[in-house]
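A.B. asks: Assembling the complex is the task here: the two chains are given apart, and the hints tell you how they should meet.
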Amino acid sequence: MRTPDNDHENDKDPSCPAESLSGDSSRRAFLKNLSIGAAAAGAALMTGCVPGADAAANGEMRLRWQEFFKKNYRLMTQEEKDATVDRLERLAALNDDLDLQIGSEPPLPKVLYGYAFNITRCEGFMECVTACIKENNLDRKTHTQYIRIFEMEPGQLDPSTGDGKFFHEVPVDNKFYMGTQCFHCENAPCTKACPTKATWKEPDGIVVVDYDWCIGCRYCQAACPYFGRRFNWGKPEIPRDEITTKQHYLGNRLRPVGKMEKCTFCIQRTRKGRLPACVEACPTGSRVFGNLLDPDSEIRYVLKHKKVFRMKEELGTEPKFWYFID
Amino acid sequence: MKTMSYNTIAVLLVALMLAIAGQGSASDTTFLDTVKAATDKYDGRGVQQVQQVVQPTVLAKEEGQSGPFRVLARKQEIGRFVCSSCHDGKTVLAQNATNLTHGDVVVRHGQEGSGLACVDCHHPEDRDFLEDKKGNKIDYDHSYQLCGQCHFRQKRDWLGGAHGKRVEYWAGDRVVFNCTTCHNPHAPRFAKRFPATYSVPTN
Ligand code: SF4
Ligand code: SF4
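Those protein sequence lines, which keep their order, are chains A and B.
First residue of the first sequence? That's 1 in this note's numbering, and the numbers climb one at a time after it.
First residue of the second sequence? That's 1001 in this note's numbering, and the numbers climb one at a time after it.
Quick caveat, the hints were computed from the structure, so don't treat them as lab data.
Keep in mind it's a predicted model, so treat the numbers as computed, not measured.
There may be inaccurate statements among the hints.
Taking lysine-lysine pairs in the BS3-like style, the calculated list, with each CA pair at most 27 Å apart, reads [stated by the list, open to error]:
1. B:Lys1041 x A:Lys272
2. A:Lys165 x B:Lys1192
3. B:Lys1036 x A:Lys312
Okay, chain B solo, but in the shape it has when bound (with noise of 0.2 Å):
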């Protein structure tokens, strides 16, 4: 009788422990199966406030996950662009543009050892135009296209929204940053620093 109602209990007990875990397994949805459930495109009219990007930018020409969107240009951050203004078909000479305009240019760019070359990037005729191994010409605000070339994988990244970075919304039309508006294209790591502050032990 005794050892009955021990094994009564026993068995009660397994019963209970798998109706707690059956319970557990089945409450195991999260807030990412909304997330992942979430398909319809996102209608940010909504968001009022959002405004134009002041800086000058140009529509892509490559589509990114979320289809066209807007990239900060870059002519207008170069120094005496156009180039053609020198580059006009005369000869210049190597040091005359050393004092005029590329005495700052280190290349720290490619392999160690086996650098790159200007016209690795620059066309080697038309000056206004970078130019792909393919022998494309390249627009200075389209440099992405140059870059992905051999960066392939940071392209797509960037393409999709996991490098690089959106200008100022989060929401509204997509406008990002481009390759060079971070990255020096003649020497694309960060220089080594200081950090911008410090921290103290916190309460």
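Just chain A, with the same shape it has in the complex (with noise of 0.2 Å):
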């Protein structure tokens, strides 16, 4: 097995020389010129070196070799999470001249997180959507968002019955406000409807995604009965200068095209400790989270205190996102 630092070395062997490989580093693109070159690639995995191949195209197409044939992201010991982002941030380096600290920070022993929207202060002014926008590297082009925010009408209470399209000036009179995203279910029918496990729940309770294993189907999708998945249709394009660079595996790190895409509580964020985006930027309080496990949290509180209820409960999906009001 190799280790970074090897192949640090190899990169720089003067005796491989040059061959060129195409900068687009979708497995598709990976797999077009396997099947050109696979008895090269093959000798470069056995020897480190390819007849005729420059040392910096040596090098990525090891690590994207490498890259390939990882395991599932949950079946990895830490030291295999370790060089996984490792090559992803040599990899990102390589390609898009981008510097990234991508982490695999693990869940935080007796933790398990919890949500609350507090329905009586949102006033749809939708700051939550942004942050979640620019923290978690949504695809601009398309216009992504994993938050909808919905104007209800007065004693409805299923958004599917809300406008989620307005722009206007709000709050608007006699109206309330209602938000969606990922309710990181306990019981989760999405992870059980992927055909190759490649979403699961972690045990802080959040659902994540493993992007390179998800091969696109969109089972989850159909599966989840709160809305709560995104499809990505084209690679992400964001602007340069707007990437969030501190990413996890498991969240805001940048997605390959068609894959399944959600919140994730802001992975990144939260196992540091840290609050996620939405809750941050939310002007007016109406976003509660914390450690359901601590009976100090306001999490706890808001639970313990306050009218609470959750989307389509009959379900038996045991959301971790409740509803209150004041």
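C.D. replies: As structure tokens, this is what we get:
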């Protein structure tokens, strides 16, 4: 097994001459190259040297090879996780000249995340939505959003009866606002629908996707009763200076095309003790986030002292996202 | 003979249904039971990356549900504080006051028609302080003590964590926004405005 340090040494090996690879780093492009130069690539893996291969391209080829044949994240040891995020950082530097810090922080012990949304306080400003887009490197071209805010008629509690496309001065008198996103169901139907086990629930309750194992079949999207999942139809387009460079493997890292993505409770932040981007951005304090296993947490206060309800409770999905009223 | 077997089948079916139903209710424990059973204080020391909040804070003079907590300080946000640099005993002409510092103050606080006057909250003599209805001097950094005398429900929720918000971290020492961090005390309702973005139908 090659260590990242070894790779560096081999990158500089002058005895490995040039071979050019396409700059396109998608899996498909990789496979196409592979079919042309399978023998050479095989040799590269065995010897670390392709006859006629340029040193840098050779190193990149090996990184991509190792990335292609890596395990499902859930089955990796911490060393393997460190190795893959290291490769991803180096590929981003090589291909896109990006300086990323991709993390693989494990779940924190004795933590189960929960979220509550105050429907009396939300005024429809949608600061949460813009913060989420920025934090999670969402595609600007297709205008992908994990959060949706619905303008609701009084007395209605089902967002499908509301207006999810409003754009006028808010709040409108006699309306109220209700946000949805992935609810991180304890009993998540989406994870059961996945044929490649590319999506699962972490011990801290966050439902995650291994983007590299997702085959984009969208079964999970069909299984989600809450419209929590998004499919990315194109390679995310983000202005360079707006890319959030502090990332997590299971969170806001730049997704390849054709993958399923969704709210991760900002795993890259929350596993470091920070609040999710939407909670931090909300100007009205409608969003409460915290550790359900901590009796002193704000979320526990809300569950204990406020009138709370969850959406489609009768389905037994057990969302960890509650609505409450003042 | 035939009816017998039908009866047996019916009985068996009912028994089976009962068994299934019984099982359903037996396994009715959910993660919420685990949550409710979690009564040990959470030791957040495992969350190493939590850093100190950089904004100035003060220790709240009341306890939240989790004990002592900190709140964002206010005074450094007030232009021309301390007030006694002008209000030093000599007469200040109302006109000068408007020109100098209070011109932007529009009071939109309290019931329509009977809005609040300055001295309903500000200390009539010592301008460096607020004053509650019982005549207690209240420090600007602890304005929640003043706001809470009317907005006691909000204050209760704020102490517990259902109103207002924490600063930056869910873990570590509790630091929360002050009332006046979010609300302009002279016009506490948020102004109407356009949303920060819009939504298109998702895939
Ligand atoms: S809200 Fe949807 S995507 Fe999120 S965990 Fe539940 S079923 Fe899965
Ligand atoms: S928790 Fe993070 S990913 Fe989820 S909706 Fe909020 S900002 Fe977006």
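A.B. asks: Each hint should be assessed against the structure and marked as holding or not.
C.D. replies: These are the hints, each one checked on the structure:
{"no.": "1", "hint": "B:Lys1041 x A:Lys272", "result": "19 Å, holds"}
{"no.": "2", "hint": "A:Lys165 x B:Lys1192", "result": "18 Å, holds"}
{"no.": "3", "hint": "B:Lys1036 x A:Lys312", "result": "22 Å, holds"}
Of the numbered hints stated above, none is contradicted by the structure.
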